[in-house]
Structure formats: C-alpha cells, structure tokens
Amino acid sequence: MNSSYNYAFFDEGSKREIRRAILKAIAIPGYQVPFASREMPIARGWGTGGLQITLSIIGRSDTLKVIDQGSDESVNAVNIKKLITLTTDVPVTNDAEKATIIQSRHRIPEKPLNENQVLVLQVPLPEPLRFFEPSEYATKKLHAEKEYSGAYLILFDEIIRLGRMAGGADHPVEVNGRYVMAPSPIPKFDNPKMHESQALILLGAGREKKIYAVPPYTKVASLAFDDYPFQREKSIGQTCRLCGASGVFMDELTDDETGSTSYQCNDTSYCLERMNSHDA
Amino acid sequence: MMHEDTVLLRAGNLSKAYGNGCSRCESPEARNLEKNYCPHCGTVYALQDVSFALYTGEILGIVGESGSGKSTLMQCLYFDQPVTSGEFQLNSYKGGTVNLFEESDQVKRYIRNYHLGKVYQNPMLGLKMKFSSISNIAEKMISAGHRNVGVMQERASELLSHVNIPAFRMKEAPQNFSGGMQQRVQIAKALSNNPPILLLDEITTGLDLSVQAKVLDLIKTIRRDFQITMMLVSHDLGVIRMLADRTLVMLNGRIIEHGLTDQILEDPQQAYTQELVHSLL
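Here the protein sequences come in this chain order: H and S.
Each step along the first sequence adds one to the number in the numbering used here, with nothing skipped, and position 108 is 108.
Each step along the second sequence adds one to the number in the numbering used here, with nothing skipped, and position 41 is 1041.
The reader is advised that the hints may include incorrect statements.
Stated by the list, open to error - As a list, the in silico DSBU-like pairs of lysine-lysine whose alpha-carbon atoms are at most 30 Å apart:
#	chain 1	residue 1	chain 2	residue 2
1	H	Lys146	S	Lys1171
2	H	Lys140	S	Lys1108
3	S	Lys1035	H	Lys188
4	S	Lys1220	H	Lys140
5	S	Lys1130	H	Lys146
6	H	Lys234	S	Lys1108
7	H	Lys188	S	Lys1094
8	H	Lys98	H	Lys111
9	H	Lys141	S	Lys1220
10	S	Lys1108	H	Lys146
11	H	Lys146	S	Lys1094
12	H	Lys209	S	Lys1171
13	H	Lys141	S	Lys1094
14	H	Lys188	S	Lys1128
15	S	Lys1035	H	Lys141
16	S	Lys1214	H	Lys141
17	H	Lys146	S	Lys1035
18	H	Lys209	S	Lys1130
19	S	Lys1128	H	Lys140
20	S	Lys1130	S	Lys1094
21	S	Lys1128	S	Lys1108
These aren't lab readings, by the way, just hints derived from the structure by calculation.
A quick note: this is a predicted structure, and the numbers were derived from the prediction, not measured.
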C-alpha cells in the first residue's frame, strides 16, 4: 500500500461528500443526484464515476472485484484494481461470490448477488432522455413531472424503422414505479437481474457528475409497449465452447480462417470456475 | 350570431412583458399607447390586456404587422411562454371554470396533449427532425398515455395520408422533407389526439405560392372533415380572407379592431387597419 496517499486515495471530506450523494440516491431510487466529480488519475470516460463510488465506500474488511465487459483481466479492470489496492490494500478476487464490492463496466455477473454485496456500475451517459432532449434544464423538469414519453419515443422510433427495439444495451428502466433511469450500457440480458436485486446497485457517471442507485429489493421494469414486450437477447441453442454453459450472456467469436462461429461465456470468471469444477 | 354557450376558449386581460418595468411604465395609463416598449427601462410589452373569445367551429384570424404580438399570443396560449398576467379558460376543461395559467405544469402538459394542437411557423420547433414522421405523430399520443405501437402506427399513417404524405415516405425523418411537407407533418401531428382547437402560427410563411395553396386547401379540408375550431395567425390578408370567419387586428400588443373578416377587410374602422387593408389592395 502506498502510504503517501490518504486511505482510498481521496481525502476524508471528499469521501463523505460522495457518500452523502450515495445516501440520497439510495433514498430516491433511480433519481440522478449531482455530485462534485473529482479529477482522477484515469481519464474521464474510463470509469471515474464508478471508481469514485468504490473509493468512497471501500473499507479494510472489503474484498474487491473489478470487471470490464465481463472480463476480470482487461486493461481497464486491471488498472482500476491496481489503483484501489495501491491505496487501500484490500484483497482482490475474481470470484463474484467472495467479493463485497464489485465494480463493473457494462455487465452484471452471472452469479446472483446477495445482500452483503454492492455492485458499482460505471455509467457514460446517465440521462435516458438525452437523445430526445439535449437540455439538462429541460430533462430535469421532465423527470420532475414524470414525463417519460421521450424515452418511449426513442424505442417507438426503433420499432418503426427496424421492426424491433433494436438497442442492444442501456435499455431504459423504470425504478420503483417512479424514475426512469439508464441502467448503464449493460446488455438487455442483464436488465432483469436488477429487478428485486438482493445487492445494492450504485451507478456513477464521473464525466456527467451524477450518482444514482437501485436499493435492494426494488422493482425495476424495462420500458416496453403493450404489443412489443421487453425481450432480452436470446441464446437459444448456444453453448459456451469452453465450459458448455447455456442460458448466459455469450460473446460471438468468428474464426478468421474457417469463418465458423462459436460462443463463449462473456463473464470470464464464471466460465473459469465452471471449467475448474469440471476438471475437479 | 355567436352565442355565449358556444364559447370554446376565453382569454381575459392577457399581458406579457419582457423586462421588469419601471415606475414610469408600470401603469397602462402612464404608458405611451402608441408604443409597446418603455424608453426608460427598455421593457417590451408584447401583449397588453388582450381579451377575446373563440367560438365552436369557427376560424379566428389574427392579423398585424411583425412585432404586434400575434405569435406571442399563440405561444402564451400553448404554454410555450409564461404570461405576465391574465386569464385563460377552456370550456372543454372543467367547464371553463379555472384559469389555466395558474394550473401546474402537468395540467398544462395535459391541456397541450388533449385540448390543443399547434402548428409552428418554424417546423424545427414543432417536429423532432431526426425521428421518423410516424414517430413524430406518435409523440403526442405517447405523451397522452398510449402504449400500443400498432394502434399508434395506424393512427399516424391515417393522419399522414390525410395530409398527403406518400406511404413510402412515412418512415423518413422530416429533415429530409421540403418545407411544405414538414408543415403538413406538423398539421398531422397537431391532430393526433383529436384536439378541439388547432393553433396555426404563420403556417404558410416561407412557402412558395403553389405550396401555400396546397396547405391552405388542406386546412379547409381538415376543417370540413374534423369539425375543428382554429386560430390562425398570419400577416397575409389573403390567407385571412380565404380562411377566417372572424378577425382580430393587433398592433403594439393590443387588439385594436375585431369583427367579421369581410367587415374588417371591406370596411375597416381603425386607421391602422385601413392602412393595412389598402396596402394590400
């Protein structure tokens, strides 16, 4: 641990300020709480929102897991882990069950989370109405009035042009029957995992300076129409080429030489654990 | 003859000021009636005690020179801008017993969705240029609580074909359309929730004469087919003569003359109206 930094990089005042924003976000599920996003030693857009939340809530008894697009070992995940361990000395794990804090870029782990865990999601664009209404002042009013026709209109336009709700990720959700929020660009496959989640879900957008949350056991409904219900990605008949898993979110891999397509679990630690258990 | 029980919309003492005013201009009597701004503090009085009634089934024309307050009046009635003071009642909402300017933003949004339709002079204000035309029509329906894609698509296609948008272009974004087509999409959008009143703000400005004629014919057709009441702002007396049953003449934020359109155009009483009519003829 590098002792020339304060514990968890931030000074205590900064951590308290961010924790206050987190508490407010938990009290108003789905509501975007503005906070004074700090300059971080990584570039904005590389997970500074999630990182600030993690650094503010992490304690000596925690165990950390960081995922980037399902992978524990990508450059982004490794660098975030390095910064946190350098300034906190907390143990790091790849096992989703052992972690108490899971910071994730765009995936929710395949293993169900429990009440003792906190999932921190990194968010690039927290405003679900942004592509409908560019003004922040106007979107604040729309949220206050629970006027979400813009979010529905974006989905409607996709159906008209493409015949289906074509967005693969960041499908907007209504939280606790009140606020519509962007669930960060997690695939639609992961949206149902937020509903009645046992774990606390915190979402941080560093560049946009917003924190919001889904408290445990909160109703989360993906937006849909009467005749076009929400559908997550289908993986019918697809099995992981490494561990044989099915019914999980898969990466599609194409062999350059043969042109053949195969599938592999996107959640690498889940896949590895299954392979190890087969070996045993 | 207009009867009191056929009043659909009533506006009373509508005022809209841009600026805080000063001791020299805050009372209407102290203000120079020939100007609508205060030379001391720079406050612009865009609307000054405007009162009128709109009757069921009529087309009410509003004419006046640029800066006379026509468009501001429409913007205030559609809640695009807050008024400084005044009353606005709709008979179709709570029997016309409440002043809508004092209602919450949610109620105002409800009124915009169900009781009013507006066609803007500038289509950029009335349409989402990057969404498909069908989606533009559906926007008001979604806002009004509809959640069935099939129903909304059918309604949108029906309205777009009514305003002569070809079926093969309905999925296109209005940014690809000509000015006349954009105005027609706006008209279809304004009609989407069957509002009893349509507000038309300079809908033919900037269009060439042949396209103007088509849009005006369309307005006539819509009036016949939908039995809808309209307010029509224009500085073109030809448009007013063609469409309006009654006409208000505005100058410096005030209504200076009102009456049947023929009467206004054939026998104008006010000097300004005479000048306006004679400049045309």
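Evaluation of the provided hints:
no.: 1; hint: Lys146(H) with Lys1171(S); result: holds, 28 Å
no.: 2; hint: Lys140(H) with Lys1108(S); result: holds, 17 Å
no.: 3; hint: Lys1035(S) with Lys188(H); result: violated, 61 Å
no.: 4; hint: Lys1220(S) with Lys140(H); result: violated, 40 Å
no.: 5; hint: Lys1130(S) with Lys146(H); result: holds, 24 Å
no.: 6; hint: Lys234(H) with Lys1108(S); result: violated, 43 Å
no.: 7; hint: Lys188(H) with Lys1094(S); result: violated, 44 Å
no.: 8; hint: Lys98(H) with Lys111(H); result: holds, 11 Å
no.: 9; hint: Lys141(H) with Lys1220(S); result: violated, 37 Å
no.: 10; hint: Lys1108(S) with Lys146(H); result: holds, 14 Å
no.: 11; hint: Lys146(H) with Lys1094(S); result: holds, 23 Å
no.: 12; hint: Lys209(H) with Lys1171(S); result: violated, 36 Å
no.: 13; hint: Lys141(H) with Lys1094(S); result: holds, 25 Å
no.: 14; hint: Lys188(H) with Lys1128(S); result: holds, 26 Å
no.: 15; hint: Lys1035(S) with Lys141(H); result: violated, 36 Å
no.: 16; hint: Lys1214(S) with Lys141(H); result: violated, 38 Å
no.: 17; hint: Lys146(H) with Lys1035(S); result: violated, 43 Å
no.: 18; hint: Lys209(H) with Lys1130(S); result: holds, 28 Å
no.: 19; hint: Lys1128(S) with Lys140(H); result: holds, 19 Å
no.: 20; hint: Lys1130(S) with Lys1094(S); result: violated, 37 Å
no.: 21; hint: Lys1128(S) with Lys1108(S); result: holds, 20 Å
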